[in-house]
Amino acid sequence: MIFSLKKLKQLANLDKSITLEDVTKAINSIGFELESATKLNNIQGIKFGHIIELYKNPNADNLTVCQIQFADKQRTIQTRATNLKQDDYVMAFVPGASSGEVIFAAKELKGIISEGMLVSLNELGFDSSLVSKEVADGIFSFKKVDLNLDPLDYFDLDDYLLDIKILANRADANSYLIMAKELAAYFRINSQTIVIKNKPSFKSSFVFEDFLDNKLTGFEAKMDEDFELSIQDQLLLLKSSIKLVNPVVDLSNLTLIMTGQPVHVYDVDKLNSQKLVPAIKSQVKETVLGNKEVEISNALVICNENEEVLAFPAVIGLEKNAVDKNSKNILFEIGIFDTQQTRKTTKELKINNLTSNRAIKNFALGSLDLAHKFLKSYLNNFSFPINLATISKKEITFDLHKMKHIAGIEFYKDADFKNVLVSLKSLGFEFDFPNKKVKIPTYRYDIELNEDMLEEFLRFFGYTKLEPTLPKNSVFKIQAFDVLKEQIRALGFTEVKTYTLVSQLKNEFNPFNFTEQINLSTFLSKERETIRNTQAISISEIVEYNLKRKIEAVSFFEVGMINSEINSLVLASTEFNFYQLKQKLLNLFSLDFEFVRTDSEQFHNGVSAKIYYNNVLLGWIGKPHPKLKLANAFYLEINLDKLQEFLVKNNKFQAYNINELKTRDITFTLDKKESIKDNIAKLKQIPGIFSISLKDSIYINEKHKITLHLVCDEKSIEFINKIYENLIQFFYL
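Anchor point for the sequence shown: position 574 equals 574 in the UniProt record's numbering, and the numbering is continuous, going up by one each time.
Hints listed in this document are in silico derivations from the structure and should not be mistaken for laboratory results.
Ideal Cβ placement from N, Cα and C applies to all residues, glycine included.
A few of these clues could be false.
What the hints assert, rightly or not - Within a straight-line C-alpha distance of at most 16 Å, the following computed EDC-like cross-link-like pairs (lysine to aspartate or glutamate) qualify:
{"no.": "1", "residue 1": "404", "residue 2": "348"}
{"no.": "2", "residue 1": "328", "residue 2": "395"}
{"no.": "3", "residue 1": "629", "residue 2": "714"}
{"no.": "4", "residue 1": "16", "residue 2": "156"}
{"no.": "5", "residue 1": "275", "residue 2": "324"}
{"no.": "6", "residue 1": "497", "residue 2": "541"}
{"no.": "7", "residue 1": "662", "residue 2": "718"}
{"no.": "8", "residue 1": "418", "residue 2": "432"}
{"no.": "9", "residue 1": "281", "residue 2": "324"}
{"no.": "10", "residue 1": "222", "residue 2": "127"}
{"no.": "11", "residue 1": "394", "residue 2": "452"}
{"no.": "12", "residue 1": "39", "residue 2": "21"}
{"no.": "13", "residue 1": "110", "residue 2": "61"}
{"no.": "14", "residue 1": "439", "residue 2": "508"}
{"no.": "15", "residue 1": "6", "residue 2": "163"}
{"no.": "16", "residue 1": "243", "residue 2": "395"}
{"no.": "17", "residue 1": "143", "residue 2": "101"}
{"no.": "18", "residue 1": "281", "residue 2": "250"}
{"no.": "19", "residue 1": "222", "residue 2": "163"}
{"no.": "20", "residue 1": "320", "residue 2": "395"}
{"no.": "21", "residue 1": "285", "residue 2": "267"}
{"no.": "22", "residue 1": "85", "residue 2": "127"}
{"no.": "23", "residue 1": "39", "residue 2": "101"}
{"no.": "24", "residue 1": "436", "residue 2": "416"}
{"no.": "25", "residue 1": "627", "residue 2": "455"}
{"no.": "26", "residue 1": "243", "residue 2": "348"}
What the hints assert, rightly or not - Restraint-style ranges between C-beta atoms, simulated for each label pair:
{"no.": "27", "residue 1": "408", "residue 2": "212", "range": "42 to 48 Å"}
{"no.": "28", "residue 1": "274", "residue 2": "523", "range": "45 to 51 Å"}
{"no.": "29", "residue 1": "193", "residue 2": "417", "range": "49 to 55 Å"}
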């Protein structure tokens, strides 16, 4: 965005001692980038003048002689312009003034000495196509002004235009008020605040309604007969290459560059209804501003209750309700609209302007409130807001200890950290350090996570204070996953790689029951907007792709990340069933896992189980519920981070019993619906049992007889005999 250096310094309350170089350093330090700084003009020495008398040069029909009073004396200057009249105030290049390498001097024109040249907008460095033809072809004139003032300073003409690159997640900074706030925070001073001199004087009869993700607010105003923007404000619009139209439209455009919030204006007397609502309509044919007819198939529009289209919100208005110089009853529409639908509408209309470019980026609700306040600071007679609720600050948690590990420095113990807090508090952050909470300014939409808050701290702490350090080459506590991958490949699986990011719609499957879903603040596609809660979502797409190509026997695996940086292993197979996958898991890790039948609506509960070890949930095996529409295969997923806690870190040789193991069959008589689970758990507590497996199962007279096959040593048989001699029957092989 293009910014005026003088306007930024005024809004940020920066004194004249702060130079362009200081501002450049500040901009680059707080996370933005100054791409260029261009001087508005190369003018020196111009002065204010008051036209006392006008008359035609008797020797030339196209020259007008102007008698002009300056602060030091009266001068005669001739001009070809026809828009001047007596009592106008103008600026002039008097003798000694310069424009670039041209130095002005008195010169005879058709028999009369002309002591300089009058100034037009073009000489000041502005694009004359952005103003009316009368102003473009004529001399720049204005109302009474103190002749002793310096025109370059008074009209902010001794200025630089700064082209500042704004990060994609900081669209709010595409505005003077926010950028000035940032600069003031860097220099640790308070920026200017918006002053509203008047209170709402009436209640509007207009009704605004929201629609889906579209938030519509506004208010009504009765304009003063002599309402107009100051010359300084008009020139500020020209510095942003915005065309001057009429005072009300100019005010809406000024609000856009000052607050970053698009505003649309309607002539109340041209509206046939008092209800406005956003809607998506097909086959829209209307005449937009500029008397251009458009016809598009699908568009986001503002309608009344009769479904009459009133505007293309945040893109362009319509001629039938346009505000002109005679409009006095104005309806201001201030909204936040669905960015994807706005982008489609802009593309179909083939319109690319400052408003639409801002509207296709994200907004926070605080932008609405900021625009309301800014507009009302210029108005005297306005209504109470329409459909604008109180906006409260969002609160998130932060952890300085975690931030230290990411930043590699205990920045919060530095003496300058108190200055960082001063800067952030001036931006509107509210800290509760005992409870590790912070409230975020209402205009910020990009701060969601601990890492986002770390970036805010470091912006004002200074990235240059972060010293680069070499990574430590430390040995893993357990063997690297590469060995694990080789083992899985040996079991008949092929490794695949998938995206960690998925759509929120697909992320419905949550087998680990994570309480928090990790969403991205900004994303390039709706297909990649959140971190997956299970790798089954991603690997299912690969299985489905192969099945559609008639490759029906597939077995894949992946080691990847889920949710909050959790490493997991997923297997997916159409070749191996539940029991075969279960055995492969046991072969991989040699742990006595417990498999508990699922009862969740997320699973196909007839063929699925949760995987536990030492009563800790490690994973799941089976099939997701068909409603989740994952590929028809068996899946197994294990949380590798939790599994590492139970893996043996150092295997040491232990003496073992070289005697031959014994086998025993134990039969339990259970009620029809009684589970064998508790009996198996008791057996597992007996030392010396090598394995337990199911040998036989039969129902007799409403009783369930289950025979287990045990492989164990001699001591465990003696132990079993003592415990179970009255409860079980032994069958020696």
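To see whether the hints hold, each was checked on the structure:
A C-alpha spacing of about 48 Å is found between residue 404 and residue 348, which places the hinted pair above 16 Å, so the restraint is violated. Only pairs whose Cα atoms come within 16 Å are accepted, and residue 328 paired with residue 395 is rejected, the gap being roughly 42 Å. Distance check on the hinted pair: residue 629 and residue 714 sit about 52 Å apart at the alpha-carbon level, beyond 16 Å; violated. The hinted pair formed by residue 16 and residue 156 meets the criterion: a straight-line CA distance of about 13 Å does not exceed 16 Å.
Our distance criterion of 16 Å between C-alpha atoms is broken by residue 275 and residue 324, whose separation comes to about 22 Å. For a cut-off of 16 Å, the pair hint linking residue 497 to residue 541 stands: about 11 Å separates their Cα positions. Restraint check: the Cα-Cα separation between residue 662 and residue 718 comes to about 11 Å, which is no more than 16 Å; the hinted pair holds. At most 16 Å may separate the alpha-carbon atoms for a hinted pair to count; residue 418 and residue 432 meet this at roughly 14 Å.
Using a Cα cut-off of 16 Å, the hinted pair residue 281 and residue 324 is violated, with the two alpha carbons roughly 27 Å apart. Under the criterion of a C-alpha separation no larger than 16 Å, the hint pairing residue 222 with residue 127 is inconsistent with the structure, at around 32 Å. With a C-alpha separation of about 14 Å, the suggested pair residue 394 and residue 452 falls inside the 16 Å cut-off, and the hint holds. Simply put, residue 39 and residue 21 have alpha-carbon atoms about 14 Å apart, close enough for the 16 Å limit, and the pair holds.
Proximity of residue 110 to residue 61 is assessed by CA-CA distance (about 10 Å); at most 16 Å being required, the pair is judged to hold. Among the hinted pairs, residue 439 with residue 508 is inconsistent with the structure: their alpha-carbon atoms are about 29 Å apart, more than 16 Å. A hinted pair counts as satisfied when its Cα atoms are at most 16 Å apart, and residue 6 with residue 163 qualifies at roughly 14 Å. Annotation: proposed proximity of residue 243 to residue 395 is violated, straight-line Cα distance about 41 Å (limit 16 Å).
Proposed proximity of residue 143 and residue 101 is contradicted: the alpha carbons are some 30 Å apart, above 16 Å. A distance of roughly 29 Å separates the Cα atoms of residue 281 and residue 250; the hinted pair therefore is violated under the 16 Å criterion. Of the supplied pair hints, the one linking residue 222 and residue 163 is violated, its CA atoms being roughly 36 Å apart against a limit of 16 Å. Taking the CA atoms of residue 320 and residue 395, the gap is about 44 Å. The hint is violated against a cut of 16 Å.
Among the hinted pairs, residue 285 with residue 267 is inconsistent with the structure: their alpha-carbon atoms are about 21 Å apart, more than 16 Å. With a CA separation close to 24 Å, the supplied pair residue 85 and residue 127 exceeds the 16 Å bound. Restraint check: the Cα-Cα separation between residue 39 and residue 101 comes to about 15 Å, which is no more than 16 Å; the hinted pair holds. A threshold of 16 Å between alpha carbons decides the hint, and for residue 436 with residue 416 the separation of about 20 Å lies outside it, so the pair is violated.
For the suggested pair residue 627 and residue 455, the alpha carbons sit about 41 Å apart, so the restraint of at most 16 Å is broken. At roughly 23 Å between alpha-carbon atoms, residue 243 and residue 348 are farther apart than 16 Å, so this suggested pair is violated. Checked against the hint of 42 to 48 Å, the C-beta distance between residue 408 and residue 212 comes to roughly 44 Å, which is consistent with it. For the pair residue 274 and residue 523, the supplied restraint of 45 to 51 Å is violated, since their beta-carbon distance comes to about 38 Å.
With their beta carbons about 26 Å apart, residue 193 and residue 417 fall outside the hinted range of 49 to 55 Å.
Figure legend: structure checked against the earlier numbered hints; hints not met, in rising order: 1, 2, 3, 5, 9, 10, 14, 16, 17, 18, 19, 20, 21, 22, 24, 25, 26, 28 and 29.
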